[in-house]
Amino acid sequence: NAGVTQTPKFQVLKTGQSMTLQCAQDMNHEYMSWYRQDPGMGLRLIHYSVGAGITDQGEVPNGYNVSRSTTEDFPLRLLSAAPSQTSVYFCASSWDRRETQYFGPGTRLLVL
Amino acid sequence: KQEVTQIPAALSVPEGENLVLNCSFTDSAIYNLQWFRQDPGKGLTSLLLIQSSQREQTSGRLNASLDKSSGRSTLYIAASQPGDSATYLCAVPSTNKLIFGTGTLLAVQP
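If you read the sequences in order, they're chains R and D. Numbers 1 to 112, taken from our numbering, label the letters of the first sequence in order. Numbers 1001 to 1110, taken from our numbering, label the letters of the second sequence in order.
Keep in mind that a hint or two might mislead.
[Claimed, not checked] Subject to a maximum C-alpha distance of 25 Å in a straight line, what follows is the list of computed DMTMM-like cross-link-like pairs (lysine to aspartate or glutamate):
id, chain 1, residue 1, chain 2, residue 2
1, D, K1097, R, D96
2, D, K1068, R, D56
3, D, K1001, R, D73
4, R, K9, R, D38
5, D, K1097, D, D1027
6, D, K1097, R, D73
Rather than coming from a laboratory, the hints here were simulated on the basis of the structure.
For reference, chain R alone in the conformation it holds in the complex (with noise of 0.2 Å):
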C-alpha cells in the first residue's frame, strides 16, 4: 500500500493564483481531512470529509474548497493564492475520525 500521498511536494505560487493540491488513499478509508502547520500556530483542520460526496469545515476554511467525488482522493483548492496562505500543508486519512489518523507527506506553498 502506499497509504496517503501528496502532490506536489512543494510549489510556489503568485499572489491571486489559484492551484489543487491532491491527496489520495489506498486504504479504502472513509474520513479525510486537511490540515495546515504553521511555526508557532500547530496544526489546524482546514476541511474534512466523512465518505465520498460529503464534507465540512474546519476550524481555518476560509480561502479553500474542498470536494470528494470518491473514497480515494480529498483535493485541496486555493481560490486565490494569499500569501497568508504560504504554509505546509498535510493530508490525513483513517476509518474514522477518532481512529489512528495516517498522514502524508506534506506539500510546502509558498505564495509571494
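Using the hints provided, position chain D relative to the given structure of chain R.
For chain D alone, coordinates are given in the frame of chain R:
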C-alpha cells in the same frame, strides 16, 4: 475546551538513555490518545494509539501510558538512539478534528 500541552518543549539526551515525554489534557473525557513523531520536513507518523479504556500500549522500544483521571499520558522511549531524534506530538480527537499538543523536540546525541 480541550487543551493539550507537552513538556518539555525540547529535550537533549545521550544515546542509550531511557526517557519520558509528557502530555497533559484538560478534559478527561477523551476517546483515545495518539502519539506521533514528525521528522524535519516530513509528515506525521503514527506511533501508538491508546484507547481510553487502556492503561498502557507498547510497540517495540516505545511504551505509552494513559491516566485519564489526572489528564496525563506519557511516552517512554527505552534505550534511545540518534534515529529517535524528531518532534513528538500527542493528540486527542475532538468533535471533528484532532487536537494536537505543543510537541517535544527530541535530540539524541551519539
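These are the hints, each one checked on the structure:
Between the alpha carbons of D:K1097 and R:D96 the distance comes to roughly 11 Å, so the proposed pair stays at or under 25 Å and holds. Simply put, D:K1068 and R:D56 have alpha-carbon atoms about 30 Å apart, too far for the 25 Å limit, and the pair is violated. For the hint pairing D:K1001 with R:D73, the CA-to-CA distance comes to about 32 Å; that exceeds 25 Å, so the pair is violated. Distance check on the hinted pair: R:K9 and R:D38 sit about 16 Å apart at the alpha-carbon level, within 25 Å; holds.
Distance hint between D:K1097 and D:D1027 is fulfilled; the C-alpha atoms sit about 15 Å from each other, no more than 25 Å. For a cut-off of 25 Å, the pair hint linking D:K1097 to R:D73 stands: about 19 Å separates their Cα positions.
Comparing the model with each numbered hint stated earlier shows that hints 2 and 3 do not hold.
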